[in-house]
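Q: Model the full structure from these sequences, guided by the hints.
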Amino acid sequence: MNHIQGFSPAAASALEKIAEEVSVCMQCGTCAGSCPTAPAMDYTPRALMRLLQAGLFDEALHSRTIWMCTTCYSCTVRCPRDIHVTDILGKLRGIAIAEGYAETAGMTFNKAFLGIVRRYGRMFEPELLIRYHLRQEPLGIVGAAPIGLALLQKGKISPLPERLPAEGLAQIRRIFEAVEARRKAAPARPHPMHEVSR
Amino acid sequence: MNPLRYAYYPGCSLTTSAKEYDRSVRAVFDALGVELLEIEGWNCCGATPASQNELLMYALSGRNLAWAEARGLDVVAPCSECFKNLNKTAQAVRADPAVRAEVNAVLGDVSLTGKVRVKHPLEVLVRDVGLEEIRRRVTRPLAGLKIAPYYGCLITRPRNEFDSPENPTAMDDLMAALGAEVVDYFPYKTRCCGGALLLSNKRIALGMTRDLVIKAHQRGANSMALACPMCDMMLDPYQGPALRAGEKPLPTFYFTQLIGLALGIDPDQLGFADRVVSPREVLAALS
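So the sequence lines, in the order shown, correspond to chains A and H.
Just so we're aligned, residue 1 is where the first sequence starts under the working numbering, counting upward by one.
Just so we're aligned, residue 1 is where the second sequence starts under the working numbering, counting upward by one.
Hints are computed from structural coordinates only; laboratory data are not their basis.
None of the values given here were measured: they were computed from a predicted structure.
Some clues are possibly wrong.
No more than 30 Å apart at the CA atoms, straight line, and that leaves these computed lysine-lysine pairs for DSS-like [as the list claims (entries may be wrong)]:
(1) H:K202 - H:K215
(2) A:K111 - H:K202
(3) H:K215 - A:K154
(4) H:K115 - A:K154
(5) A:K17 - A:K91
(6) H:K202 - H:K115
(7) H:K215 - A:K17
If you want a taste of the chain H side facing chain A, the calculated C-beta under 8 Å gives, among others [said to hold, decoys possible]:
(8) T16
(9) K19
(10) L37
(11) G41
(12) D109
(13) T113
(14) F186
(15) Y188
(16) C192
(17) G194
(18) N201
(19) Y238
In this text, a Cβ means the ideal position worked out from N, Cα and C, and glycines have one as well.
A: Next up, the structure:
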C-alpha cells in the first residue's frame, strides 16, 4: 500500500521529501532526550521520526507532538544524522493546516499570526490575542487582562496596528499568494521506497 | 579603520513590548560609534508560525534582507526569533542556488544574491567592536550585579558563526568586561523558556520559565541578562504568574541595558522604568 495516498499532491510531495530525510534516522533518541517538552508529547521526537520512517504520516499529523514543539532546535543541533528535526516538525504543522486536520490551539495561533502579518505586514499583538481567544478558551482573555493592562500602562502594547505603506503591503500580499501557488503546484515526486510498496 | 555600519532590523517586538531593547541597542551602538540604518518599510519575519512553510519564511525575511544587500550592508537583528529567521534565510540563499532562485521568484520586484550577512548585536559587540574596546569605555563598572547570562534558544541554534550552541560564552565575557560578576548558568543559559507555547500551552510554558528563575537563584544570581523579546515576555511580565506564592522574583534586563549603564549612558535613556519586575533594589546595590 502506498502510504502517501489520501493526501493532496502538494502534501504527498512534501511528505515524500520528509520521508527521504528521516530515512537515515537510527533511533538513537538524542532528540527525545534533548527536547524540553517531550514529556508533554504523545510521541517523543524519536517516536515521531519512527512514524515517518514507517510511512504513518496520518498518525504523525494527528500527533500532539508537532504542536508541542517550541522550536528551540536542541534536537537539531545534536542529531548525529544531521536530520533537521525542528524544521520537519514545522513542515508537518504546515501540512496539517493545509490538509484540514482538526484545529489545535497551536494551529489557531499560527493561522491568526500569519493572517495578521498578511494584513498589516507587521505583528499586532492585541488582535492576535483576541483572535486566538475567540476560538480557543474565550475566558482566557480575562486571565490575560492584568498583564495586558500592565503592558499598556508602560506603553508596551500599541492600541492600533502599524501597517506598512500600501506598496509594501501589496508586496507582502504577493509573497503570500506566490508561496501558496507554489505550494499547490509542487509536483508529486515518486520516491523509490514507496514505489516498491505500491 | 572604517566606521562600523549596519542595516538595522528592529522587528515587531522592538516597537512594542521590547521597546527598551530597541532604545538600549540604539543608545549603546551610538555610544560605541556604530551606525545603524533602519531598513525602510521592513516587514515581520513571520516568527515561529512561518516555520510551517520554509519558502514563506525565506521570502518574508528576504524582502528585508534585499534592502540591506542593495546597499552593501550587513544586517543587525536584536530579536532572537527575527535573527534566526533572517540568518537562516541568508545562509540558505547563499548556500543553495535553487533556494535563491525560488526565493527571488517569489519576491518578484526585489532580489537577493546571497552576499548579505545577518548578525545579532551580541556578535557585533563582542567580535566587531571587541571586548577590549568595550572594557576601555566602561565608566561605571557593574560591581554588585551577579548576573545569570541567559541566551535562550535562537541566538546560537540552529547555527550561527560566532558561538557554541551548547555552551555559548559571548554574553558571559561581555558581562564580565562590564565589571559584573557572572554566575555559572550552564546548562540553563540555553534552555528554552517555553515562550512559543505561552498562548497555546500556558501551564507548560510558565513551568519552563519558573525553572529558569529558580535555577538562577540557586546559582547565586541577583539578576539575569536577556537577549530576546520572547524570553523577556516570559521572564519579566509573566515571571509573576510563573512563580508560586512566596518564591522570590529575579530582576531581568536586556543585556544592552546593562552595557548602556556601564558605559555611563543616562539610565532614563535605557528604559529601566519599562521593566515589570522592579530592578530598583538590585540597581541601588550597584554604585
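Q: Could you run down the list of hints and mark each one as holding or not?
A: Hint by hint, here is what the structure shows:
The hinted pair formed by H:K202 and H:K215 meets the criterion: a straight-line CA distance of about 20 Å does not exceed 30 Å. With a CA separation close to 18 Å, the supplied pair A:K111 and H:K202 stays within the 30 Å bound. Of the pairs offered as hints, the one joining H:K215 and A:K154 holds, with about 28 Å between alpha carbons and a cut-off of 30 Å not exceeded. Among the hinted pairs, H:K115 with A:K154 is inconsistent with the structure: their alpha-carbon atoms are about 40 Å apart, more than 30 Å.
The straight-line distance between the Cα atoms of A:K17 and A:K91 is roughly 11 Å, inside the 30 Å bound, and the hint therefore holds. Annotation: proposed proximity of H:K202 to H:K115 is violated, straight-line Cα distance about 40 Å (limit 30 Å). With a CA separation close to 41 Å, the supplied pair H:K215 and A:K17 exceeds the 30 Å bound. Among the interface hints, the one on H:T16 holds; its C-beta lies about 5 Å from the nearest C-beta in chain A, closer than the 8 Å criterion.
Hint status for H:K19 relative to chain A: holds, with the closest Cβ pair at about 6 Å, below 8 Å. Because the beta carbon of H:L37 sits about 17 Å from the nearest beta carbon in chain A, more than 8 Å, this interface hint is broken. Proximity of H:G41 to chain A holds as hinted, the smallest CB-CB distance being about 4 Å (cut-off 8 Å). Because the smallest distance between the Cβ of H:D109 and any Cβ of chain A comes to about 7 Å, under 8 Å, the interface hint for this residue holds.
For H:T113, the interface hint is violated, since its Cβ never comes within 8 Å of a Cβ in chain A; the closest pair sits about 19 Å apart. For H:F186, the interface hint is violated, the least distance from its beta-carbon to any beta-carbon of chain A being 14 Å, above 8 Å. Here the hint on H:Y188 is broken, as its CB sits about 11 Å from the closest CB of chain A, past 8 Å. Because the smallest distance between the Cβ of H:C192 and any Cβ of chain A comes to about 4 Å, under 8 Å, the interface hint for this residue holds.
Proximity of H:G194 to chain A holds as hinted, the smallest CB-CB distance being about 6 Å (cut-off 8 Å). Taken as an interface hint, H:N201 checks out: its beta carbon lies about 7 Å from the nearest beta carbon of chain A, inside 8 Å. Evaluation of the H:Y238 hint against chain A yields a held restraint, the C-beta minimum of about 7 Å falling below 8 Å.
Figure legend: structure checked against the earlier numbered hints; hints not met, in rising order: 4, 6, 7, 10, 13, 14 and 15.
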